[in-house]
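Colleague: Chain residues, written in single-letter form:
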Amino acid sequence: MANSAAQTIKNLWSGGVEPMKASYGKLMMWFFLVSDAFTFSALLVSYGLVRVSHPAYSGDPADFVFSQEYWPIPEQVFEAIPFFHGLHAPLVFVGLMTFILILSSVTMVLAVEAGHRNDRAAVEKWMLWTIVGGITFLGCQAWEWGHFIVGDGAAVNGILGANLTENQYGPPAFADFFFFITGFHGFHVFSGVALNFLIYYNTVTGVYQRRGHYEMVEKVGLYWHFVDLVWVFVFTFFYLV
Amino acid sequence: MATEEINVVEEVGHEEHDHDHHGNFWTTYVFSTDHKTIAKQFLITGIFWALLGGILSVIFRLQLGFPESSIEWLRPFLGDWITGDGKLDPEFYLALVTMHGTIMVFFVLTAGLSGTFSNFLIPLQIGARDMASGFMNMLSYWFFFASSVVMFTSLFIETGPASGGWVIYPPLSALPQAVNGSGLGMTLWLVSMALFIVSTLLGGINYITTVINMRTKGMSFSKLPLTIWAFFLTAVIGLLSFPVLFSAALLLIFDRHFGTSFFLSDIYINGEALPNQGGSPILFQHLFWFLGHPEVYIVLLPALGITSEVISTNARKPIFGYYAMIGSMLAIGFLSFIVWAHHMFVTGMNPFLGSVFTILTLIIAVPSAIKVFNYITTLWGGNIRFTPGMMFSIGLVSFFISGGLTGIALGNSAVDIQLHDTYFVVAHFHLVMGSASFFGLMAGVYHWFPKMFGRMMSNKLGSIHFWLTFAGVYLVFFPMHYIGVAGFPRRYYSFTNFDTFNDFTDLNVLVSIAAIVTLAAQFIFLFNFFYSIFRGKLAPANPWGSTTLEWTTPRFPKHGNWPGEIPAVYRWPYDYSKPGADEDFIPQTVPYSETPESNTPAENEKIKLETNGDEIVVKQNGDSH
Ligand code: HEM
Ligand SMILES: [Cu+2]
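Heads up: the protein sequence lines correspond to chains A and B, in order.
Here the first sequence stands for residues 1 to 241, where the numbers follow the numbering used here.
Here the second sequence stands for residues 242 to 866, where the numbers follow the numbering used here.
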């Protein structure tokens, strides 16, 4: 018995078949994601190195004030939520964003699953929810960027808010990396929403129905999950530690 | 006609169909999705770049060998890059060195080598009709083409091309006010490289997927020719390292154009402090060399794969240590990711860290040496046929040894602190990477020319080309070891101001003359190549008596490669001079059941699988007319 199982595995790799039982398109998506993971890793490692080369804030967190002399405590920077001006709610808003994005991954799983059943209506429904989730995330990010750029409270060293050269909240590198990495990720989300929309459109017009399978949903699904996963890392590095 | 055209695209990868349809000129030669055409496009573009890169190097060799003489006669080509008194402009010298390095490393030995041979050989040797995605393959070439156009354009702009070295270290490359070449030239360099990376990734993803998914019946990984193993691993390495360069390039673009300080800190220009604070130029070096070191193996591995194939075929012997070859390529591929900091021993890194990287670096010598011994033992006692491809392969082994040995010296951080950025390093990497890979490229062209163009190149011209180039390379690069040990820094415009260096003038003259002769010898190749495309003798079906699948296709394979079914594979690709066999080679398509006279007992066992197992049911010969 064990012998015949070994035999099948051997046959899988001996040519004439797709050994990983995956079409070339799906394999390509996987390999692209591996390489994209290295792009993000390079950025996050750079961020880490620059961050540890700056002094950290050493005093009591209760007395924390913004200064270009040390790296800020993220909780103190990202603590605003829309419509509640002046409320101190550390990481609540970004937590909500993260939750929405992860939820959109769940709806994506449901869309893929519906694709397996060739259930066109369900694919449409779940794709639509995924798109809504992605757009909401982008909207939240836009608000957060806006808030970060405009600034809050009193100017520090004559600087209010942040841009690529000046930063109210800490050393300029903090803002540089914040804009670059969340921007780069946001661009990925944006591309993902565009792809999701394409899938949705093709589902509505029956392209996959005629093709007989919904593999495209799976491929784009892989991308979407990857973008979510990357956000978990970005979130951890920028907001939590 | 219209339906025919659609078929061309639709049918790629399908099993059974007639391949005699013709697209128009544009779909056949320009926007082709056929892997053979795309390979030739890469090859021709690569040859163009190689010639240009070579000419650039001879221009700066003129300066180094004959600093006093006037090169006024170059004014028609270089214009204002010649100063009033007939000398090369010093800044343009830096631009020349930079462009030479960039062109050779990326455009010739990455795109020209992998692009040509991965594209050409992967489908032919694994038994596939084409790449997994012909369309992405076409995109890969056209991204490379666009990247080439941008880089080429940068040669002609007023401020000149990038001039900070092929490694484009900031802050030099980040500050347009630092040097002319860091202006528009650098911008174009970065744009070009971004396009280039996209091209490499599109190509690499395709190669990997094709090797995994599209092997013909019986072609297990343990029956793959070593060429394919090499191309496969090269693509994997590229997939993991190029994105890191991409990140570095993006960050550098932001530093240059949007005022960020990722790589900048504490800089004064003309006594004025720049506002940029907090970044680190060393960070860029880490990111760059995380690509840069794997990159040298991206350049070398395909050449080593080609060499394995050519040496085994022309020594009429099985490759020695097939699994050791695969193992050492895997080891090299893995180690290449954890040694990058040996390029940065002098950045002030912690000496302890330096010794860690020293050890890791020296470990690479082990798999490298295994490969070398395997080549030599394959040659040992072989029935050697000195075809041009074979000679270039043996030349590669020679360079790999002589250049690899100096690598071991450089890998020791204590030694490297003395030798870093001298001509010793230039000698090291030109032998082990530049010349070795170039010889691999040449070996590949000579060996597979009959399959690419259906005609033969002249062996006699090939031999002359080989001997001139082989002698030329050693004459150019060997003296550089002495110059380097004597302390000559690389990338210097002129040494006439240093009394100590006067003793070495004659060596520099020798190197420059040898460089000119070597470049001239390449025109023999160019003539041979282009003449043979049109006028060469028609090639026989299997000119070198090879075992691999590509020689079972017709002389001029159409789109889809095999007119009938794709042949199945029964044995490894190195059954040369097998005891008992009638001929001195047994193609991979011949089942063991047909060769009872030469089978080992273990192989006799496999006959059962050929006939009744579910592994391979049909037997057939690749019919070639
Ligand atoms: C035995 C194996 C090898 C060892 C131990 C080794 C070691 C080194 C070291 C330590 C350096 C840095 C020298 C310096 O800048 O001060 C270096 C430079 C270099 N090596 Fe190797 N090397 C080896 C093989 C190779 C191979 C196989 C290639 C290419 C296929 C290669 C290509 C290069 C290049 C391109 C550079 C110079 C890059 C530059 O600064 O522009 N090396 N090598
Ligand atoms: Cu290296």
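Derived from the structure by calculation, the hints contain no laboratory data.
One thing to keep in mind: the hints can contain errors.
Unchecked claim - One-sided and incomplete, this derived list gives chain A residues near chain B with beta-carbon spacing under 8 Å: (1) D36; (2) L43; (3) L164; (4) H185; (5) H188.
C-beta atoms are modelled at their ideal positions from N, C-alpha and C, and glycine is treated no differently.
Colleague: Please list, smallest to largest, the hint numbers that this structure does not respect.
Modeller: 4, 5
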